[in-house]
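On the provided structure of chain A, position chain B as indicated by the hints.
This is what each chain is made of:
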Amino acid sequence: MDTATAKKKEKKDHRQLILEGFVSHVLEHGKEPASIFKFAKDLKINEVEFYNYFTSFDVIKSSIWVALFEETHRQLEEQEVYKEYAVREKFLSFLFTWVEELKKNRSYLHSLYGNKVTTFKNLPTDTREFKEKFSDFASELILEGKETQEIASRPLITEKYDEALWLQVGFVFRYWLDDNSPRFEKTDAAIEKSVNFAFDLMGKSALDSFLDLAKFLYQSK
Amino acid sequence: MSDQLKEQGSIPVSKVQRAAKFISTGAKVGGNYVKHYAKKMVNPSMNKDELHQNNATDIYNSLSELKGSALKVAQMMSMDKNLLPRAYQDKFTMAQYSAPPLSYPLVVKTFQKYFQKTPEQLFDTFTRSAVNAASIGQVHQATKEGKTLAIKIQYPGIANSVTSDLRLVRPFALRLLNMNEKELDHYMGEVEERLIEETDSQLEVARSREISEACGHIPNLRFPSYYDQWSSDRIITMDWISGKHIKEWMDTKPSQALRNQVGQALWDFYHHQVHNLKQVHADPHPGNFIIQQDGTLGIIDFGCVKVIPEDFYQGYFALIKRELVMNAVELDQIFYDLEFISDLDTEEEKLYFKGVFKEMISLLGQPFHVDRFDFADDKYFEQIFLLGDRISNDKMFKSSRQARGSKHGLYINRTYFGLYNLLNQLKAEVDTTKPDWLK
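Those protein sequences? They're chains A and B, same order as listed.
Anchor point for the first sequence: position 28 equals 27 in numbering that gives the first Met the number 0, and the numbering is continuous, going up by one each time.
Anchor point for the second sequence: position 12 equals 11 in numbering that gives the first Met the number 0, and the numbering is continuous, going up by one each time.
For reference, chain A alone in the conformation it holds in the complex (with noise of 0.2 Å):
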């Protein structure tokens, strides 16, 4: 490699180095770092540097959200059978293939989620990016659903499903943190579970016919 490369190469990657020495700092001292300036010192870079990239560490973990979300849907475009799925499955297959991302990096979500974290709420500002990137895709997913029937149209509520398979999502997270058992096998039976049942509650079901007669009685009146 010529040094003329290397150097493209060095620089293009600052945003990478910053990304890994931070989750490294993370895994070694089980916290994030005391302050910008130590971490952009101990990285031997500019504190002004980092800000070209980063603004503060909240952005950085953000941004590793992002990346987990973007690689899991890498990897659900690759496989060819993800097209041909229903929308439960692809929902499914999402969760399967997102919670095997988290394991590559189990030791540094569980040091900075592990003991406080109970749902995403209490962390907006590093999950936003990563839930707007969701909201898209879960809206699609619906929008699929509804076209193949799969997903019963309710006025106002099907508005809110979206966030129904955030709130999943997060329940997925918050278990598999907790989850010690042999290859995480209790979280891959809470997913199969959690979205049978939320689909189970989407789809068509007697509460539909149940409030069709209802207003058909109230109406008749």
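Just so you know, the hints here were simulated from the structure itself, not pulled from any lab data.
Glycine included, C-beta positions come from ideal geometry on N, C-alpha and C.
It cannot be assumed that every hint is accurate.
Quick list of in silico lysine-lysine cross-link-like pairs, DSS-like style, CA-CA up to 30 Å [to be verified]: (1) Lys89/A to Lys116/B; (2) Lys320/B to Lys357/B; (3) Lys192/A to Lys112/B; (4) Lys112/B to Lys146/B; (5) Lys112/B to Lys102/A; (6) Lys116/B to Lys132/A; (7) Lys103/A to Lys116/B; (8) Lys143/B to Lys82/A; (9) Lys82/A to Lys406/B; (10) Lys132/A to Lys192/A; (11) Lys378/B to Lys406/B; (12) Lys143/B to Lys89/A; (13) Lys37/A to Lys102/A; (14) Lys246/B to Lys103/A; (15) Lys112/B to Lys89/A; (16) Lys82/A to Lys112/B; (17) Lys132/A to Lys82/A; (18) Lys112/B to Lys246/B; (19) Lys357/B to Lys192/A; (20) Lys146/B to Lys82/A; (21) Lys112/B to Lys132/A; (22) Lys112/B to Lys277/B; (23) Lys203/A to Lys159/A; (24) Lys116/B to Lys102/A; (25) Lys145/A to Lys89/A.
Here are some chain A residues the structure puts well away from chain B; computed CB gaps all over 12 Å [to be verified]: (26) Ser23; (27) Ile35; (28) Phe49; (29) Trp64; (30) Leu94; (31) Leu166.
Just chain B now, with coordinates in the frame of chain A:
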């Protein structure tokens, strides 16, 4: 870190959900009873058949949704037909065939975990949906290099849920099987042990190989080969055996000779295991047997294998001899050894139970008393059923405060009931061979 894990880990969501499922079943069953008595007030001539029918449906529905060991218990109850009212029987035999499936993404994930490859990458073809539900998982069909394979995939976390599931099933078993708590606990331990073994795929493969090798010389039997390179803790890959289950096969109206051939193969298979190997495929429900076109019997699923302890073997089969030549003292000793009677019994109880067990044994031993037995004889099964009914409704039996019969007997009885039932379904007449010392 690990402390934190435990703290939250004590709320296993799945268990709560499972419990809720059982509670809703309990409510339904209770509701059925209420309905039953309400109807009965209007129409006093109504009998309990409809009630049993309703209960069976509700219980089956919830058990089959739960999968895993609960389903296993359903299967087991369906095996001991003579213990259950008629209406439960047919419903529970359904449990042997169908249950809600694992999603395909989870199947893919399971493969990726163990082989770092998707099923499509491993095999030439792989069915997206399960072709069959096994009790603790499901079966997919695949092909690879011209071979057709059956791939059994276990549900995640099954091994860990056995114990808690059994605890949940307990109240139902108490009611349905008409047992008291002591009796039940006496057997639950044994059941738990078998179930935990059953979740061990590697043990299953090892045993399948061992037994199929030892039974290789028996004519008209076929065992699948197992493939280590595609097997792991939760996945078993074996040859696909094509053919029909007994019920479907009987619909094709096979000849008596062919039925006898299959029946004989089945008898010989069990004879060799019980008397020579002293370990037995203790799960003779119809789903585990496949009859091929040429009338050979394919045997799959060695999940449940019972090893027969020597002293139990001696005592148990000594009772089956046609003429009990031994004197009363010897016989008493065997009854003690097999835990049919104990020192806690009063003289009256001892006398009663000895009588009952002698009757039971002579009835169950009937096929052994002749050289050739016709299992098509429904009258014989009716007799067993009536006896079972009579005993379970007898006051003496109900008020007995202790478990009767060795726990080893549980699976051996089940095996023989299962075998008799299969032979009855086949309407087969077989040479009932027995070891020399029993002749």
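Problem set entry | Broken hints, by number | 9, 14, 18, 19, 22, 30
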